[in-house]
Amino acid sequence: MAAYKPVVVQACPKLGEKITQDTLYWRGYKTPVQIKEFGAINKIDFSPVPPYNYAVTASSRIHIYGRYSQEPIKTFSRFRDAAYCATYRDDGRLLAAGSEDGSICLFDVSGKAPLRQFEGHTKPVHLVGFLSDKYRIFSGGDDYSSKLWDIPSATEMISYSEHTDYVRCGCASKVNADVFITGSYDHTVKVFDARTKSSVMTIEHGHPVESVLLFPSGGLLVSAGGRYVKVWDVLKGGQLLVSLKNHHKTVTCLCLNSSGQRLLSGSLDRHVKIYSTTSYKVVHSFNYATSILSLALSPEDETIVVGMTNGVLNVKHRKPEEKNENSQKKIQPAYRTYVKGRSYMPKQEDFCVSKPVKRVLRKYDKLLRSFQSSKALDAVLEPPIMLHTPEVTVAVMQELHRRGTLRSALAGRDEKQVNLLLTFVARRVIEPRFTSVLVIVADMITDIYQPVVGQSAIVDKQFLKLQQAIGKEIDYQEELLEVLGMMDTLFATFTKKRDTCLEENKSNGVTEIIETNRNY
Amino acid sequence: MVSPGALRVVRCGGGGQRGARAVFSADSYLLYASGDFVKVHSVNTEETLLLLCGHADLVTGIQLNPHNHMQLYSSSLDGTLKLWDFMDGIPIKTFTVGPKLLALYVLASAEDSVFVVVPKKGERDTFQLVSVKLTKGAGQDLEGKELSVVLDGVGASPKQIAFGREDSYVVSVKDVNLQVYFFKLKLLNRFSLSTAKTKGGDNSFSCVVCHPTEDCIATGHADGKIRLWRNFHHKKAYTYSALHWHHDTVMDLAYSLEGTRLLSGGVESVLVQWHNESSCQKDFLPRLGSPIECISMSSDGVLCCTLHTDNRISIINSNLRFSRSIQGLIKSRDVKTGLVVDPRTKALVLNGEPGHLQFYSLQSDQQLFSLDIVQRQYIHQAGLKQSELVKVAFSAQGTWLATVEESEEVADPELQLKLWFYSEETQSFALNTRINTPHDNHITDMCFRDMAELGDDSLILVTTGRDCVFKVWVMVEDSDPEAHQSVSWSCDFVGGYHNYQATNCCFSEDGSLLAVSFEETVTVWDSLTWELKCTFCHPPGNIRNICFGRLTCSKYLIGATDYGFLCCWNLLTCALEWSAHLNVVVLQPDPLSEHIAAVSWLSKESSLFVFKPSEPWPIYIQRNLCKEKILLAAFVPRDEPEMISSEKYCWLRKSQLFFLTDTQELMTLSTKSLEERLTPSSKQLAVEESLPMTPFSVLLGKHRRQQAQEDTDLGKPVVHNKQEQASPAVKELLHTPAHVLPSASFLCTIFINSLLISKENKSAEEVADEVEMESEKAEDDSDEEDVTAMEQEDASHMELLGEMTCKLSKSQEKELRKIRKMDYSWISAF
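One line per chain: the protein sequences are Z and B, in this order.
Number 402 in full-length UniProt numbering belongs to position 402 of the first sequence; there are no gaps in the numbering.
Number 367 in full-length UniProt numbering belongs to position 367 of the second sequence; there are no gaps in the numbering.
Bound-form chain Z, shown alone (with noise of 0.2 Å):
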């Protein structure tokens, strides 16, 4: 004798992308919060001590703003034309920034007027950098040098002339006070040392080159420019490592998260790809309203802050995590106290009787299982039920038509009733996974209730929709055959002939075909 078995849902694997891990820990920030600026954000760079502010460049403004503040808490104004590239230094407490004249500012956090002024580009100076001894800058313009800057005497070390375009982007090496990097429009990104007078190290990446990053560890350089995000190896002379070609627009700034693990792009064409460090696979994406110029991740991966080319800057929270107080509340002390030997231990040579496993059915399975299909059908017709999981509406329509009552079960209904079904029917005919049930349910529907038709305006009107439905579902069946159609002749012109025949072979007497198509 065996238990009554419940309905088996059809469980369909969810198309499109999977959820994994990582998806489910980029979906968890906030809705974004859009704040306006004057100009295109060329840079936003997150200051790297708490509270962790961050700080905005955009047309001649550099503004600072507080992790949850909507409104800047400090500006800094004091730029003739555009500035660039605001940058912490590794303290936070000093700020320097390009600006479009071609002098570099130094500014305190806290004070308002530069501290000191480096003047020696002749062109806008859109890179600038502290090495990580905190003493220096170095510096990037469009007049194709970088230069290195002593920031007590505010004079200038060393100026390198060897790139052919402006140079745009750069970074300093955490783990040698005496590196940085330069990014330039003439497709190399270069290598410098202070303690040499000329670079000790050429990449070419192949496109101008709009983003470059070191790794924490120092081994791995990144460099963006065109559609491509390139990683090299630095220690084995700056060997290809991967390439990688997920935007289709120029990608404008690269990112990494706090625990090293994921590389962010953001680019022109409106996306922040998220790579995986280890396997450079693309494990989550982002979407945005225009053309991301910069992006920034505080520490912790607690912000994410993308700059756009028409002023907006996009601000997206982490979400709090989400603590199970329910759990715990659930074990009652008064509970307690009325169930005994709760506690009890069983001794190796006592004899366990476990109590049967009470299983619980679903209200329509109990319904089926005393044989009562109108109702059965009633209780999977409940808004949720239908709404959020069709799929069990379905299965039981399915079940009632094996047992061949779903013509009852579905006669009998008032005007609301059939009105629910029709809606339910007319919008889900269509989905591959239930058509071949709910075509037959549309069929008894329109033989049950054909002579009522005309009686009510309500079920007339889902009669049309249902009529509407299945009408533009054939329209692109049609179109899908055709397309498959020009596709097939595609193919069969690509495929190379291969028909060798094999002597063929009638010592048997019997005629044997021979052929080597490959069918598909």
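Hints were generated in silico from the structure; no laboratory data involved.
Nothing here was measured: the structure is a model prediction, and the numbers come from that model.
Any given hint might turn out to be false.
[Stated by the list, open to error] Calculated cross-link-like contacts (lysine-lysine; reagent style BS3-like; alpha-carbon spacing at most 25 Å):
no., chain 1, residue 1, chain 2, residue 2
1, B, Lys174, B, Lys136
2, Z, Lys5, B, Lys282
3, Z, Lys316, Z, Lys30
4, B, Lys121, B, Lys145
5, Z, Lys249, Z, Lys174
6, Z, Lys366, B, Lys385
7, Z, Lys472, Z, Lys461
8, B, Lys385, B, Lys336
9, Z, Lys5, B, Lys336
10, Z, Lys112, Z, Lys134
11, Z, Lys363, Z, Lys416
12, Z, Lys347, Z, Lys36
13, B, Lys627, B, Lys336
14, B, Lys186, B, Lys235
15, Z, Lys358, Z, Lys5
16, Z, Lys375, B, Lys282
17, Z, Lys366, B, Lys533
18, Z, Lys273, Z, Lys30
19, Z, Lys5, B, Lys385
20, B, Lys648, B, Lys627
21, Z, Lys375, B, Lys385
Assemble the complex: chain Z is given as a structure, and chain B must be docked to it using the hints.
Using the frame of chain Z, we list chain B on its own:
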């Protein structure tokens, strides 16, 4: 040792009960008719204890002797009545009646006569209830020709006649008529229902029972109603009331001991218990698995048992709790899966309960387990098209199982391909992958690529469908590490040939070639590149079966066509090697040898041909294998090769051939003679541990101790101990019931001889010899036992050992040993 003789067809499972109610004996045995036999089961252990055989045809009725509860009457279609001592399994008396006996009723009041239903002479399909006077006589075979007709025009089924309170009247129902005959008054009352077919269906009678203490008759009807008749002494003033719950025919009814409860069962496979004859008070025991055919109550009212249409017996407590079930080979409506052998358990796998796969152990005649494939509630209702299991395939090691289920709808079959993985932890198959609609039309065949040496990585499944393609399924590793399972199956290649329907598929032994038959043509594909290598055909006629040769014959491909041709193609020359005109129904290769068995069906008889593909003439032919059509066959590997001296039967050495007929009886071929197989055994009833402490056993124990002492003195205790345990003469003496033993004077010599210690002056070499002999003997025993469950311990045992103990002279004995030794080495070479 197997003596050369003709092969015999032996039934080893299946067969129906055909409507005879089971009987509970007074001491917790359950007896029921099964085919030509009556089986004795222990209610407590569910084990078959005894098989009462002796009838030459179907047993139609069994009843306990009301005057002696240890005796049983049985009637059979062969026209005999037998009285059995069912505890020992021996027939006491046989009464030859003559005509076919269709039902049997034994009354307590009638001491020297029983009632049987026989066909009326000269008329077809009319039956009469007659009483047979049982003559008293000394011999075993007696005549029972004194017949007196009691009722005319009764139904053929035993359920359509019942005897009333204190055997004062008899009731018979047929169609819409009910007749009651009062013995004392010699009065016959007839009642009939209206024949007008109401919308509830026809109201003809299906079964009848009588209340044990009151004058009340309960009848079951084809429309599902139960009517309770009272006051039927009067022709006009009779009354009846109706109980209605069943939606289909009431198959059987049974009253409880006092008549307060009425049990009914039918197609719904629900046992309904009605209290106090009121329709509002009833209990149900639902989902018993298959339609209930018969219900019977034990005499003390504690248990009741239901016989089901699929050869199953459920034992149910009086409070309607399912207690246990007895099941052998479950009979399903249609064996679509074919006979498949599970490589792991060597069990036969075929359709069982609806939607289930049964694993049937041939050795123990028991169902090992039933695997739920469809996993849906089966509705027992006529005319419903529900999902059926149609194809089954095992991988070489039995780690993967592929099943196909489809609903019977012709136009749009709902197909599912399921792949199951055997998990070692749970010791059962777990669902791995489910593929909805793998083909657009019915799947015709399915096979795994069997490559044992390459392991599971090379596993490939091929399915062929009527949608004119064959599909290749492979295992793919799941890239996502968080997924539940590491592998799943997906389609790798779809092949077709000129838009013909694919009908069969088969892999060659090394797995390099795949043969797929498309209607008239066989195509051979390379399994690495899926390129079509060559095609064969033998017009006209579609290909019905194909298989590759094995071992030395692996270059041949065998095919059987609709038009009655068996063809053998050579794969190296791509030419037809030979063909034979033979209407082959079943083509079955032996997995362990080159032999291929073909079963043909020619005008009402099945014949068996066994051949090697390399030779066009068969090794073995058996015409007229059986009268039924053989639908399926399977070679089951033997645990150890059997010693078959005759060259003619050497193909049976490594595997055994089993057939399934269209009446769902499982048959096999045996080289053993009839006596060896059919001698009933009483051995199983006596258990060594339960031997009572008698003076004899004390004496025996003393003797054993003495001998053990002597053994230790001689310094070779192990050898003698072994022999002691196997001392068969004593064992046989102890295990055989006293009244079937030969006379004491005959036994005496054997017994005394067995006690003698005659081997004191043995050399060490001889002792070693003896050990070997012992082991040989043990092998022989196991050999004989594992052939089928039906086979029992035989009497030849005693002869063999009697001979060994004394009769042979020393030189003869030595020679015999030599021969045995030779024999043994020869067999071990295989």
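Hint check:
1. B/Lys174 with B/Lys136: Measuring from Cα to Cα gives roughly 34 Å; hence the hint is violated.
2. Z/Lys5 with B/Lys282: Within the cut-off at roughly 24 Å; holds.
3. Z/Lys316 with Z/Lys30: holds (6 Å)
4. B/Lys121 with B/Lys145: This hinted pair holds, its Cα atoms lying about 14 Å apart.
5. Z/Lys249 with Z/Lys174: Violated, at about 30 Å.
6. Z/Lys366 with B/Lys385: holds (23 Å)
7. Z/Lys472 with Z/Lys461: holds (16 Å)
8. B/Lys385 with B/Lys336: holds (15 Å)
9. Z/Lys5 with B/Lys336: holds (24 Å)
10. Z/Lys112 with Z/Lys134: holds (21 Å)
11. Z/Lys363 with Z/Lys416: holds (22 Å)
12. Z/Lys347 with Z/Lys36: The hint is violated at about 71 Å.
13. B/Lys627 with B/Lys336: holds (21 Å)
14. B/Lys186 with B/Lys235: holds (14 Å)
15. Z/Lys358 with Z/Lys5: Holds: lysine 358 of chain Z and lysine 5 of chain Z sit about 14 Å apart, inside 25 Å.
16. Z/Lys375 with B/Lys282: This hinted pair holds, its Cα atoms lying about 23 Å apart.
17. Z/Lys366 with B/Lys533: Roughly 57 Å between the alpha carbons, so the hint for lysine 366 of chain Z and lysine 533 of chain B is violated.
18. Z/Lys273 with Z/Lys30: At roughly 18 Å apart (the allowed maximum being 25 Å), lysine 30 of chain Z and lysine 273 of chain Z satisfy the hint.
19. Z/Lys5 with B/Lys385: Holds, at about 18 Å.
20. B/Lys648 with B/Lys627: Given that 25 Å is the threshold and the Cα spacing comes to 24 Å, the pair holds.
21. Z/Lys375 with B/Lys385: holds (23 Å)
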